[in-house]
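S.K.: The two chains are supplied separately, each in an independent frame; assemble them into the complex guided by the hints.
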Amino acid sequence: MEKIIEIKNLTYAYPNQTKAALQNLSLTVNRGAWVALIGHNGSGKSTLAKLLNHLLTPSDGQILIDQIPVDDEHVDVIRNRVGMVFQNPDNQFVGATVADDVAFGLENRQMPHAQMQERVQMVLEEVHMWEFAEREPAHLSGGQKQRVAIASALAIEPQILILDEATAMLDPKGRFEMMEEVRQLKADLGPDLTVISITHDIDEAASADQVIVLNDGQLVETGTPDEIFTDAQKLQALGLDVPFAEQLKAKLAARGVAVPTQYETMEGMAEWIWQLISKK
Amino acid sequence: MAINFQEVGFTYQAGTPFASEGLHDVNFKIPLQQFTALIGHTGSGKSTTLQLLDGLTIPTVGKVEVLNQTLQADTLIKTTNQLREHVGLVFQFPEAQLFEDTVLADVMFGPLNFGASKTEAKQRAQEALRLVDLSAEFESQSPFDLSGGQMRRVAIAGVLALEPELLILDEPTAGLDPKGQADLMALFARLQQERHLTVVVVTHQMEFVAQYAQHVVVFEQGTVVKEGTPAEIFADSAWLRERQLDVPMVRQFTDLLTQKGVALTPTLDLDQLTDQIVAKIQGGRDV
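Chains A and B, in that order, are what the protein sequence lines are. Heads up, the first sequence is in numbering that gives the first Met the number 0, so the first residue is 0 and it goes up one at a time. Heads up, the second sequence is in numbering that gives the first Met the number 0, so the first residue is 0 and it goes up one at a time.
FYI, nobody ran anything at the bench for these hints, they're computed from the structure. Please note: incorrect hints may appear among the correct ones.
Computed cross-link-like contacts, DSBU-like style, restricted to lysine-lysine with a CA-CA straight-line distance of at most 30 Å [to be verified]: (1) B:K28 / A:K172; (2) A:K49 / B:K178; (3) B:K259 / B:K279; (4) A:K233 / A:K250.
In silico contact screen, one side only, chain A against chain B (beta carbon under 8 Å); selected entries [unchecked claim]: (5) V74; (6) L239; (7) D240; (8) E266.
A few chain A positions that, by computed beta-carbon distances, are all more than 12 Å from chain B [as the list claims (entries may be wrong)]: (9) G31; (10) Q120; (11) T221.
C-beta: ideal position from N, C-alpha, C; glycine also.
For reference, chain B alone in the conformation it holds in the complex (with noise of 0.2 Å):
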């Protein structure tokens, strides 16, 4: 069953002074098994939509069905503990979170939380560090003296290492140079794929979304204003550019082509495209 949001609104600090809307009217799908992007500007509701999948947050208003689970106004934070043993969050920045001796120890601080045995802890950080390519030389090092790109690849297999049915990541890429950001989206798309996970990316690197991505959700003012596949979302880049979100460069070079008349079908791949060009210049030989 797919993760589904119906008519969901959530208010801050709801009933006092204080209180702001954060969502409203909510409605979108999460196919599992799937690459998901969430996209948006800042403020839009992509972070309070993260947490009211992880069950760190219930909503005001509406239902929230993930993994067996329906989350409504007047359920108990507390059932929303045994949610957690399948969702992992990992939060902006998450290298913030880092706080023990050795990049071991950190990586098993989760399942032994989960009551893993001090074995299984350690075989399981160990193979999470496999997962994001950091080798059995880092073990033992205090995650302090890693690079960024490096400590944030620890804090994400210290949420592999719970082995989640759902990886949720908002913003993982942020901060990092272009190598740390696309080594880190590749390696989130393989896990996807080999461990048929149903992963949910927040970012604003619209070229990766394009690239990875098999569902595209977009927020706008605290609501989800389109959905769709990578393809479908990037079709009309004139309501992106309205909305200013970047428009990937693939599409953005297919636009300047058809401005001048050039014919050409949509892609986002650049391959494609350069096919097409191709095709279209010895084409004209022929003709």
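Chain A extracted, bound-state conformation (with noise of 0.2 Å):
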């Protein structure tokens, strides 16, 4: 598989402080992957995060997206290439209206107009916003801005999406609608598109396919899911949420039921009890 981000032995320490906030982290990401970073809040996602678009320098170390490498020479192509979400909805308008906002990074780029227009009514219709076009950002719902706020990120056609916790101050139905969003974007989009989620829900993070996971600014480990899930009491001890179904094996071992190695899904679970039950 082709790699879109490798990333060698990456330091970064904030000004001022003693203590690096990404200790010597390599890894690689694959073109085209759904990517769920997790870990407890300060463990370093979201300056991994400002890293890969560049809003952070590393101290040491270096990215390379695209083979590009990510450094002050090709911050714009990489900008170009990096589109990102972050977590609060209001801290990201500049425009007074929806389309204004979504325009805002083709006017940066110089896009003719007309072409803008094009550009700026095909990515919400993507995100079915068009019909909001013309309405202030600031009398929408949440889901509704983090809608508008992908496809701000979308317009510059990026081919990796950043989603910084994009989903944790929306309501359940908002976080649906979102997550539905991107779910549909990854369809169509295919190898075309990377999405790093950095995320706290664990239900998303086990649909993806890779999970990175971080501590303390370190790596801990990366994998897929039945990979990284399987290890209950790993995760618990790391601040994480634990599957549910994890959990539930976690308890029905501690009653001395052999339980099944490998990672299971909710349905897995049951369809594992059931056999069990009726088989006998």
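M.R.: Structure (structure tokens):
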């Protein structure tokens, strides 16, 4: 598989902080993957996101995106490849209307007006917000605001979309709507879009292609959900949620039941229990 | 006497062309000295209801009985000041309201404002900080140097220092990581038990509702559509799904097994569910 992100020995310390927020991090991400980046607050997830977009400059080490070094020289090229959506929907609006807001990034890139109008309509239609194009962003619901933020990120046709806890401030309905939107986009764009989702939603992480676990600025492990989520005790020790099926497995094991060793979804676990009971 | 909403309606900017209905035909009770959860979508009327509990707003119609005071359309707002000495309201993202130079000064602000002496305010502030698990070493720090979770604890301590009988929290765990969320909810449940407080929490986190709430009130489009114990509310998962409300995991899993023909007694507790499954597995061996 072709690598879209290569991180080599990346270290970052915030100014005036003795302890590095990220320490000697190395990992790769395949093109077109859906990656869940998990870890408790302060583990370095958002710092990593900002380094990927060159909003922060590494203290040491290197990042390659699409084989281009992320540095001052290539910052414009990099930002055309990486779109970001942040946590707080109210902190990322600049335009007076929804359409203006989406156009902002394109204006910065000096796109011709006619093409810009076309692009704005296209991305707003994609996130089902075109009918709100002339509304003021302030009057939208949280979920709608985040969909506009996705549209703004998509307008530059990025290869990588980073969601930095983008659903954390939404209610369950808003969260569901937003994630459906991203899933649909991912399905439409396939290998042309790599999604990096920083999330505390363990169920969302369980459906990712790759999971990256950070703790106190260091890489704990990276792998498929099957590899990561079968160690309930480890997840808990890292301050993370444990998927329900794994919690149940641990409880069953504690009562002397021999449980499956591989990762199971809720449906998989229900099927396994049903089989066990109906066989008797 | 329980807190009681009778035929309550509330209209924003009533009598103006901008009037919009916030609540209508609201009837429900909040039992005293219990943990009550208000659930429902954003815009369903939960936050408006919280403001009525605090006397920050007065019902347009109907009446709210809260802590020996009756609030109705002709109640003067200034008469509700006395109510606020007994009601602690924690807004969403309360850390945004921190402003003092030190953690201690910030938590002392409330008691001082309600007329406590400096010594008394300090004592109450320190006690409140211990309640939220912030040790003495935090007292001299700037609240702005703390982590998000710690800042939120300071803001909550500021309300606890007022020693409220009724503690109201609007989405207190929003934006925290899973451990931060679990710790904070456990703290409210513990406070409720130890101090015999009446705790009212607005939350979307059904796992916590299932775990800690004794009473649950469901809001939809400006009114209350259901109230009862968590067992009663979560008994009908189809009803919750129709409303796009989350169903607790234990209940979801029970439903999955029931669909396969494994009969289980409804529960919201993972240990009880596990015990039942183990009994079924072992029970089978005896047949």
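S.K.: Does each hint fit the structure? Answer for all of them.
M.R.: Hints, one by one, checked against the model:
{"no.": "1", "hint": "B:K28 / A:K172", "in the structure": "holds (27 Å)"}
{"no.": "2", "hint": "A:K49 / B:K178", "in the structure": "holds (24 Å)"}
{"no.": "3", "hint": "B:K259 / B:K279", "in the structure": "holds (14 Å)"}
{"no.": "4", "hint": "A:K233 / A:K250", "in the structure": "holds (15 Å)"}
{"no.": "5", "hint": "V74", "in the structure": "violated (29 Å)"}
{"no.": "6", "hint": "L239", "in the structure": "holds (6 Å)"}
{"no.": "7", "hint": "D240", "in the structure": "holds (4 Å)"}
{"no.": "8", "hint": "E266", "in the structure": "holds (7 Å)"}
{"no.": "9", "hint": "G31", "in the structure": "holds (28 Å)"}
{"no.": "10", "hint": "Q120", "in the structure": "holds (28 Å)"}
{"no.": "11", "hint": "T221", "in the structure": "holds (19 Å)"}
The structure fails hint 5 only (numbered hints given earlier).
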